Amino acid sequence: MSRIGVFICHCGENIGRTVDCAQVAQAMGELPGVVHSVDYKYMCSDPGQALIKQAIKEHNLDGVVVGACSPHMHEKTFRKAAAAAGLNPYLCEMANIREHCSWIHEDRAEATEKAKGLVRFIVEKIKYNRPLSNIFIPVNRRALVIGGGIAGIQAALDIADGGREVILVEKESSIGGHMSQLSETFPTLDCSQCILTPRMVEVAQHPRIKLLAYSEVESVDGYIGNFEVKIRQKARSIDVSKCNGCGECTKNCPNKKIPSEFEQGLGFRTAIYVPFPQAVPNIPVLDRDNCALFKGRAKGVKKQVCGKCATVCGRRAIDFDQQDSFITEKVGAIIVATGYQLYWIGKEQESEILHGYGEYGYGTIPDVIDGLQFERLASASGPTGGKILRPSDGKEPKKIVFLQCIGSRDRAKGMEYCSKICCMYVAKHTMLYHHKVHDGKAIVFYMDIRAGGKGYDEFVRRAIEESHALYLRGRVSSLTRNGDTIRVQGVDTLSGEPVSIDADMVVLATAMRPQPGITSLAQKLSVSYDLHGFLNEAHPKLRPVETNTAGIFVAGACQAPRDIPDSVAMASATASKVLGLFSNEQLEREPLIARVDRQTCTGCFHCERVCPYGAVERFEVKDRKGNLIKVIAEVNQGVCQGCGTCQATCPSKSIELDGFTDEQIFAAVNAL
Amino acid sequence: MRRMLSRTDLDALVRDLLGAGTRVIAPVRRKVQGREFVEYAPVQNPEEIALDGSQPVRPLKQVVFPPTETLFNYKQDKGLVQIQEAPTTFSDTLVIGARPCDAAALEIVDRVMDWDYHDEFWFGHRQATTVVAVACTDSDESCFCTAVGLSPESTRGADWLLIPAGSSFEVRVVTPKGEALLESNKSRCPESDVPEAGKASSAVEEKVRANLAMNPAKLQEWLGAHFEHPLWQKIALRCHGCGACAFVCPTCHCFDIVDELEGVGRGARRRNWDACQPALFTLHGSGHNPRKDQSARFRQRVMHKFSIYPSRFGEILCTGCGRCIRVCAAGMDLIAILAEIGQNAEEAGSTL
Amino acid sequence: MRNGEAAMKVGYFPGCSLHATAREYEESLKAIAPALDLQLEEIRDWACCGATSAHSTNHLLSVALPARTLVLAARQNLDRVFAPCAACYNRLASAQHAIEHDKKVASQVESILGASFGHPIGVLSIAQLLSEMTDRIRSKAIVPLKELKVACYYGCLLVRPPEICRFDDPEAPTSLESIVTAAGAVPVKWDKALECCGGGFSLSRTASVVRLGRSILRSAKDSGAQALIVACPMCHSNLDFRQRAINRSAGDDRPMPVLFISQLVGLSMGLDPVRLGLNRHFVNPQPFLSTISAGRVEHREQA
Amino acid sequence: MEELRELAKKLLQEKQVNAVVGYECDRRGVRPAFVDDPAGCDRLVFDHRCVQNLPAYLSPRRTNVAGLGRLAVVVKQCDARAVAGLIRESQLKRENLVLIGVRCGGVAANPNESRELGAETLALRCYGCSGTETAMADYVVGEPKTVPAAGGDRDARLAEIEKMSPEERLALWKEWLSRCTRCHACRQVCPMCFCERCVAEKTQPNWIESSPHIQGNFSWNVTRALHLAGRCVDCGECERACPAQIPLGLLNRKLAKIMSARYGFAVTDDPSTPAPIGSYRLDDGQEFIL
Amino acid sequence: MSVPAKEKASSFEPNIVAFVCNWCTYTGADLAGTSRLNMAPNVRIIRLPCTGRIDTLFILKAFERGADGVIVSGCHPADCHYTAGNYHARRRFAVFRELMEFMGVDPQRITFSWVSASEGGKWAEVVNSTTEKVRELGPFVSYPRVAHAQVK
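Residue numbers (the working numbering), protein chains in the order written: chain P, 1 to 672; chain R, 1 to 352; chain Z, 1 to 303; chain E, 1 to 290; chain L, 1 to 152.
Isolated chain P (complex conformation) (with noise of 0.2 Å):
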């Protein structure tokens, strides 16, 4: 028989103005199992709480049970008051009988009916209670960061500087990701390789850094504290322990017509090749889709059809037969910053959701280009050395239209978000067009101009002001050629005038998408994502940098569209959530989670299926002899978060939830 204490609090009049406390504290005294039940004025005050300590000892008792507030109120003041006298906190628990009773009723002979049934539900459940104690895993402290662009790379400096060790996982040959292909940026307009440049060299030689450039995370297994990850590292044909980055290589390579990826497709690079000069680490990689010697190879020629590059290194660090290599970390944390792509308005579109531009011609027009491409052309180390010049014909543009808002808040497109970053480098963009081509014009279509930040605003009204950049409010309904130039037809949605405007270059701000393969890396390591696939985080405002994975998180625009400031926020942001985590050896969890029963389980792994954390494991029952009798579920401590749904699947009832078992609830259903 339990020796259950019942504690009814009046709250001052909050409770006792419409419940009866003394007459519910003597009805709960003649449950089975009561053997103490009292009423008191504040039972959160420290005489209540002394009250409460008082009576454990007095009576020993093994439940104790306060009709008061909202559990989410003071759960925790009583649970420690009750730890303090010797008891487990986890047999203390509270009936609400001031939220959902005397605040919501005014008979007080009903309030006072339902509080006892309220209590009555908790006192019968509390018999079932276990003590239960606190979970502690162990942590691995190292973190891993996927992507190497400025929100990985901070993220990286700050938890190595932090004194825990990192692994920085690029997919690319080179770390920097978009900002490296900035001109300037705003909304201070300073050179973007400037102030990249030397933290990606504080990365290749921080001691704590292990940089895996041209990797990719092939699988992630375990949980928070106790990642394996495993990583592909792609085969460079280089052997990196001998290159010394001199450059011969790509001097030499006979093919240099291939279109560069760094350069927006408008330069061009060898098929061996440095991505961009300032390249941590500064190693080439063979392109081997486009080198000739692999290009005989796959169509069986015996001979060898190239291998100048080979031939000109002297540190013979070439390796035309390497293969791609796996390596496993084992990492306590993981933050995700991948980053993003720019969406193409092509008729050809990777996912169902998302349409082309017909009427911009499909990306057809050569002088129709995207930001990026207009970043490069702006890029004093770009292909055309920071001159604007048309792709075409290599002329100066004398008017440019920049359209913003292409894919972003546009439903029938399959973006309904906002890309955030757009109204600001369009700014920049009419700025860095002014700057260098004095009597061109500017002209730019926008639909609202979006300049919430530090200095954000200011900066569009210099392009407007000082630039002169022509503001129209409105959209663009067609592009077409129009001779060698391009009809601009639009609206001013302002003057309620059609717009057409015959312009030699067409900047489109198109909208930010998370990269591809996003969401195969999140079922990898079981984050959520959106529609558009950027990742989920835990909470929209209290757990920003967190996903619903403990132990991963989030930082940059694979999260949603970000600019540097807010990526480099969200990675800091990271890095101390990492750094707190790696604070301690050991991780303490309430101990609020699934447990299984070995003798019934049968294994039918229903409970994997619905656990949104996978924090259902196979376990093998063997017998002394080392056979298998079966293979049942084993829930990993360290991953579940305590949401039951495994139980209410369970068939069998093998897998129960510490502090809603099914007893617990049985016995409060049972005193309906």
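To be clear, the hints were calculated from the coordinates, so they are not data collected in a lab. Be aware that a few hints might be false.
Listed next, the in silico EDC-like pairs over lysine to aspartate or glutamate satisfying Cα-Cα at most 20 Å (straight line) [stated by the list, open to error]:
hint : chain 1 : residue 1 : chain 2 : residue 2
1    : P       : K299      : P       : D321
2    : Z       : K189      : P       : E359
3    : P       : K210      : P       : D239
4    : R       : K78       : P       : D239
5    : R       : K31       : E       : E162
6    : Z       : K189      : P       : D484
7    : E       : K93       : P       : E617
What you are looking at is a predicted structure, and each value in this text was computed from that prediction instead of being measured.
Put chains R, Z, E and L on the given structure of chain P with help from the hints.
Relative to the frame of chain P, chains R, Z, E and L by itself:
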């Protein structure tokens, strides 16, 4: 001199009893979603009674041994437990149209119910119940009452046996309870000088006899000596362990006792039908079960019926009703099994 | 998909203009239908489609009017209804869409009509109908059109809005091009295929219509087209009937014949231009017909 | 038939399997057979009386069957759904099993059927079946057969109940379920009921009372049906096994209809198709939720 | 029998139990309290972590114990604290509800709702409308229930 009872008078008799508040149980025809069958059920009207020979799908035992029966109610009050006994009055019941094999079962099970413990519930129902059996006019390939010492017109367990004769029945009074029934219905059962038509059911009996011939003594002997025999493994492979055989068996009387809550601190103790075939049978709290698989459980069933019960009470715990064969989804056929064991017993006997 | 199959039967909804200003459209359709094994079964007791007065004033009415026609079609056991006029097509297709996707409107309309909807009806524009029959058109094209360059003009209603007219790309359509190609002509690339012709403003805001028509015709001429191919009586009216005014305002004296797509298909089959109603045009088609040696028409000069 | 026997013989002789689970004739009709020596293979038969769903014997809980070792099992296409279900739910490994697919022309409602197969005798579940072999089979035996035309609408009895008023329905189910004596034969014969300890036998807490009173019977039958939602392979064995003659198949059939209407799901012999309960779509219907 | 039906109905106070998730509906009910939204006293809440934890067995047992109505409530789609518990619950109860209906249990006796932590008003509405509805339906005497022998 024989007494005859016409169907009309039988109906009148039933009507009288119903009028007097007696519960009347008889075979009635049922149709559930296209499936037609006969079962023992309380009747409100004599016309419902079906005495045409179809065997009720479930046995008569539920009349004296309900599938669930409340033994007592309890209430827990601050450490005190109050018990309220279940009522010990049993309603007067007349069973009309019991199969001889079902009636006989009652008498056979009486033995165990009054052995180490006198079961008040069983005998309470038994005392209140008068059984009027009707001799079988038909049988099927699952019937084997003759093999266990009974016959289509066995009177065991019955207070009256009615033998169909045209549109009437010959009444054979078997027990004092039967005498009492006759006493109050004498006018309906006139003595008749119709000459005896011979054994009414001899044809049926022949048909049943053809299904199985068995030597119970030899069988019992063989069973006692062959607890571990590969036969058990072989036979039980196809058995699903569902226990439907036990639930339709007129002689199976296993029960389980459970306490069921009906609110905070109160509930009822009930006893429910149970069976020896499901895996829970004899499962220990430790998780160990001395009967490790279905072969052991199936062996238990055969042993109990044809060896253990006979050695303890001198009765075979089987009336050959054949329901276990008809009901089995897996085609377990007790006639075939007994025949096979019997053959083994013959062979074993010859080598002894 | 239906290419090469035996006779195809579709419901036929002429709408008001095919019996009035666009008689030549109907004449040409009736002329080419037998050759294409196309059976046009007119919907008995059809009524106005509701364009444009109903749908610009009362949404419910704009669904109810064409919905009535759809109910009649279902009663006539027709699965598909062909509406040659782009505006009629648009109204019928919109109504069908509303019936299928807006349960509330559907039930309101049912109570207005006092009838319930039968099976769903597929509504066909001429572009969709003929582009399904390109193989037949190709096999019947006996008159070499001598690389005749034509500009295919869709206007605003034929392929839009996309959720209703799902048979072609709303911004870069190709169905008319596939038909004229099958007929042996060469579609030109031009910019104004989807521009507005001014629609119903022909009388109320003639100047606007002239301005719009000017840009369409200029673009067509600049792209080297010898004729403009249309699929809508309203477009035809604005570009043919108003062409003299348009040309005058542009200071351009090059007339541009405006043909219904069905007329072009008919010409490719060697049908008599008069049977195809080419004599009813305001822009004299004779010079054009001569270039493809297609016979003569008696042309009445405009007043 | 010869083909089946020869194949079974070969599998046993070559020691590919330790036993073949198939069908044999008995005194009254057809019953499951377990053949472990090549000579016994001549007992094997397959015809329209082969009603039983043999994969029911493949649950690891059947320790005596599992003790036979590696098995070959004769499966009709419908039975293969149960094999797929057991694989899907980790109770079986496909590679530990040889499946002999039989081309089936439909089966009767019970294995003692003496009449020919026709509209009268055809089992409900065969209505509309194509009778093709399962794609899961390692071997396929028998000539292609056609399933006789159905003897009416398979779901007529379901429709009849759906038409009733809620009160009538409740009264009907109470009447039917009051017959239940909780023998759990429905569960034992079900190939998809393989729990080590059934929830109906869990006493702490006692969600489903084991007493055969209406309360326990209702909870049990509702729960059994729900646990089989999207998993029931529609073999009808529960209803056939019920000694109380309760039309249990109706509940399973109703749930199959719900699964199909709500989630476009039908149980198949593809082990990789997950059941709808246990997964979800963001746009699942929620017309009943306030 | 002479009591007018209306009077009889109003004298019946239904017994309703609500199974709610901790994060949305429980907190929403807290908000209703904080906002002092007066509502019918017939509904008593049992708190679970998530609708995913709510088993159909709870509902059956509640009816067995004499509940006249049941409420199941949790987070709106996409708001689940545990990301997907409510989606699983949605399927589970969609199916349960249809099965119950098929077996003759009036689905009006079971209310399902999504009530977020900010929807105190909606919670009050769910409580009041459910109470009203169940009051109209009357005591759930037809539920397949065992008659309790009351021990004195």
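So, going through the hints one by one against the coordinates:
1. K299(P) with D321(P): Given that 20 Å is the threshold and the Cα spacing comes to 17 Å, the pair holds.
2. K189(Z) with E359(P): holds (14 Å)
3. K210(P) with D239(P): holds (17 Å)
4. K78(R) with D239(P): Outside the cut-off at roughly 82 Å; violated.
5. K31(R) with E162(E): holds (19 Å)
6. K189(Z) with D484(P): holds (16 Å)
7. K93(E) with E617(P): Judged against 20 Å, a Cα distance of about 18 Å means the pair holds.
Violation of the numbered hints given earlier is confined to hint 4; every other hint is satisfied by the structure.
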